[in-house]
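Asks: In case you want the letters, here they are:
There are 2 protein chains.
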Amino acid sequence: MLDRIRIVLVNTSHPGNIGSTARAMKTMGLSELYLVAPKKFPHLQAMELAANAADVLDQAVVVDALGLAIADCTLILGTSARSRTVPWPVISPREMGETIKQLPPHGQIAILFGCEQSGLDNEALQRCHWHVQIPADPRYPSLNLAAAVQIIAYELKMASLEASLEEKSMLGQWDHRLATADEMEKFFSHLQQVLIEIDFLKITAPRKLMTRLRRLFLRTQPDVMEINILRGILTAVQAAPRDICNPE
Amino acid sequence: MLDRIRIVLVNTSHPGNIGSTARAMKTMGLSELYLVAPKKFPHLQAMELAANAADVLDQAVVVDALGLAIADCTLILGTSARSRTVPWPVISPREMGETIKQLPPHGQIAILFGCEQSGLDNEALQRCHWHVQIPADPRYPSLNLAAAVQIIAYELKMASLEASLEEKSMLGQWDHRLATADEMEKFFSHLQQVLIEIDFLKITAPRKLMTRLRRLFLRTQPDVMEINILRGILTAVQAAPRDICNPE
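From first to last, the protein sequence lines are chains B and R.
Counting in our numbering, the first sequence runs from 755 upward without gaps.
Counting in our numbering, the second sequence runs from 755 upward without gaps.
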């Protein structure tokens, strides 16, 4: 899916932003960059800010007019912060990802970013199927150009990963299997026994002590290694007084 | 929700990244910035790249050590690109947003970002409840610092927009506030002390015992009542041998 995405920067003023855009793209697995009439390119500052994404800059296609950058594309999306006199269909970056994920698997998709000062002009915006609006704080919605590319690229990456992310749970990479219910119950029995032996359950017990301890330890879903450590600690607590009173 | 978020930059090398971070934050409605031992700050370049987010820089709190930046926080999240020897719970920025949305409505939330060269060190990572990993292309996962902040801030903004549309979650009804980082550290010190006293940490300690115990208890996000119970148990363990050997 990411191979079908073309990032198109229109009339970019600062070459540093082109470099930062290349870096933002590459970190998210995007590589196709078109530059429409950039003010300064190629430029040392673009190279510097691209860091290890110089290959994206090297392969960038520079054209004179927007039409040339999008001619072969089947879907054109324009990023825009403003509402327009004639309302256009506006989607969020997340909806953009969802939408692209569900498209037929052919055809290039262009995502347009305007210049730093004023964004895309009306002519460019009216070439777009949809407008993509990044939700920003209304008091200061002015994202840096490469920061906007980073968010869009991130949502594209998320959309492309989603299927596999759904399969993989948070604990998919864990090092030990989770404790079974039986292991948990044995731990709780052991814990309760120790709390009685050390005179804690009787003397100072807040109400519903064991209930609170169950909630605490169940919530954290201990793995079997962690339960073994906890059981080991309980056993050491039980052994400690004897060691002290009857040293051998 | 966004008022509870504290962005913490640790050992930042380039002042420009501090400025870009301030801008990224403000565009998404975040304002609380802590700087732990920045190499150069204040600095002209930070001001330049902050653009109209100078107020975020002006209000930034500079501290010498990470502990001072997070002591009063009830949830610590560390951004990390690497996998660790002892796996920590890892969530995506989106899962982070979902999680924070469902927390009880009190307590500050710190999100840590390491230095440009190597990210957060192990000590900082082990202070975190969870690690947040931005899904990036494995061939070039190296996001610019402010770009990483932009993505995290964007997901927080998205979550706060969704939260305003949703009803209160189950956890909104929790009975006690969550423990602060400071309270957690005191608990870990106490726990370690007791494990030494009962001869557990020395004799049978599996490798990285304290690391595993930190992970276990941070993951479960204890509330203050639960921490008081755990501290009470530790104190009872310490008292137990004396009660048995020297009954009065």
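Please keep in mind that the hints were generated in silico from the structure rather than gathered at the bench.
Only a predicted model underlies this, so the values are computations on that prediction, with no experimental measurement involved.
Treat the hints loosely; a few may be bogus.
The list treats identical chains as interchangeable, and a pair is accepted whether it falls inside one copy or across any two copies.
Unchecked claim - With a straight-line Cα cutoff of 27 Å, these simulated DSSO-like cross-link-like pairs (lysine-lysine) come out: (1) Lys956 / Lys940; (2) Lys940 / Lys793; (3) Lys962 / Lys940; (4) Lys855 / Lys793.
Asks: All hints are to be evaluated individually against the structure, with a verdict given for each.
Replies: So, going through the hints one by one against the coordinates:
no.	hint	in the structure
1	Lys956 / Lys940	both (21 Å within a copy, 25 Å between copies)
2	Lys940 / Lys793	neither (30 Å within a copy, 52 Å between copies)
3	Lys962 / Lys940	both (19 Å within a copy, 24 Å between copies)
4	Lys855 / Lys793	neither (34 Å within a copy, 43 Å between copies)
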